[in-house]
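Starting from the given sequences, assemble the full structure and let the hints guide the process.
Counting from 33, one number per residue, gives the positions in the sequence shown under this note's numbering.
Some clues are possibly wrong.
[To be verified] Simulated pairs of lysine to any residue, SDA-like, Cα-Cα distance not exceeding 20 Å: (1) Lys239 x Tyr264; (2) Lys162 x Met178; (3) Lys176 x Ser69; (4) Lys38 x Gly77.
[Stated by the list, open to error] Cβ-Cβ distance ranges computed for the label pairs, FRET-style: (5) Arg262 x Arg183: 23 to 31 Å; (6) Asn57 x Val330: 32 to 40 Å; (7) Asp271 x Arg183: 45 to 53 Å; (8) Lys37 x Lys162: 41 to 49 Å; (9) Asp119 x Val80: 44 to 52 Å; (10) Glu41 x Ser195: 33 to 41 Å; (11) Val330 x Val80: 37 to 45 Å; (12) Arg183 x Leu89: 38 to 46 Å; (13) Asn123 x Lys162: 24 to 32 Å; (14) Leu89 x Asn273: 37 to 45 Å; (15) Thr272 x Arg241: 30 to 38 Å; (16) Asn273 x Lys37: 20 to 28 Å; (17) Glu255 x Ser163: 32 to 40 Å; (18) Lys288 x Ile34: 40 to 48 Å.
Worth flagging that the hints you see were computed from the coordinates, not collected in a lab. Just so it is clear, CB atoms sit at the ideal spot from N, CA and C, and this is done for glycine as well.
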Amino acid sequence: MISKKKQNETRELLRAYVARFTSANKAARTIKGTSPSTISAILNGKYVNISDAMWNLIYSQVVNNHAYDWTIVQTNTFKDITFVLDDAKNNANCRWVVGIAGCGKTTAAEAYQRDHDNVFLVRCDADMAKSDFVAAIAAQCGIKTMGIRLRSMIEEIVQYISSVDSPLIIFDEADKLPEHIFYYFIDLYNQLEGLSGMIFFSTDYIKRRMSYGLQYSKKGYNEIFSRIGRKYYDVNECDTNDVISLCVANGISEKKAISEVLRDADHAEFGAGNSSSRNAATSYDLRCVKRAIKRLKVMMQVASTETEEEDKSCGQ
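Dropping the structure here:
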């Protein structure tokens, strides 16, 4: 049985997690496998009806958000994505945003969801079945899916999203989805046109996939391409100044250390310069930036500890 100490630790982590959102209900919709009532019960110290499995499920999701403190910087990509998300949310527009892997698309989307009401962030996956895809949207809306038919679930999703103020649905890594799920985009768009913004995030692989689908008149592709305005929104990518700002904001200020981060995260080192919208020599992978900064901070901590131990031994 889970200990009282672990329960209280989970509650405090959950409290900090919820504080990042505009409401507890909004936060609850981003925690898989739970509900607003369960989150509310834990925050209020009512543990009686919470199973060990539920405690572990919640802990595993909220602890990851505190494992490493990271300060977000408004990079070129971040600003670009925020602009297009604002436009889609305020004007119920539909756009397909394209950027290289590691440029910060997901980070910007998560930050936008935290700072705005009625933003539904759906993470797409190549292994998703129809039921998985619809259930992922339903979870963001706080809609229960147990025992509900797929078509009824879609109807509830549409009814809920169309009832809230300036809704926005973000499909992250949408190009990964299999073709039979692409058709749901068309269905959702048709029912929510003019009522909700809709944004798709992906790498430029979608351009090749869409071109192939259009060339061979594959089902759904022309309809989707029409709904995104027959063009893509290519985001500006992170440059050297962005990486330096991230380093400084996250505790790395020495010139030598910053140079190391820049070298580790340079896309050109990995032959990733295949986008016409950027200069590959000055484009960086922010996942590599974060990993490099974390490693350097650990090394700095180790060096600091060793210095303290040496000082203590010298003083004896």
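Results for each hint:
no., hint, verdict
1, Lys239 x Tyr264, "holds (8 Å)"
2, Lys162 x Met178, "holds (15 Å)"
3, Lys176 x Ser69, "holds (12 Å)"
4, Lys38 x Gly77, "holds (13 Å)"
5, Arg262 x Arg183: 23 to 31 Å, "holds (30 Å)"
6, Asn57 x Val330: 32 to 40 Å, "holds (37 Å)"
7, Asp271 x Arg183: 45 to 53 Å, "holds (47 Å)"
8, Lys37 x Lys162: 41 to 49 Å, "holds (42 Å)"
9, Asp119 x Val80: 44 to 52 Å, "holds (47 Å)"
10, Glu41 x Ser195: 33 to 41 Å, "holds (37 Å)"
11, Val330 x Val80: 37 to 45 Å, "holds (41 Å)"
12, Arg183 x Leu89: 38 to 46 Å, "violated (28 Å)"
13, Asn123 x Lys162: 24 to 32 Å, "holds (30 Å)"
14, Leu89 x Asn273: 37 to 45 Å, "holds (41 Å)"
15, Thr272 x Arg241: 30 to 38 Å, "holds (32 Å)"
16, Asn273 x Lys37: 20 to 28 Å, "violated (45 Å)"
17, Glu255 x Ser163: 32 to 40 Å, "violated (22 Å)"
18, Lys288 x Ile34: 40 to 48 Å, "holds (46 Å)"
Going through the hint list in order, the structure does not satisfy hints 12, 16, 17.
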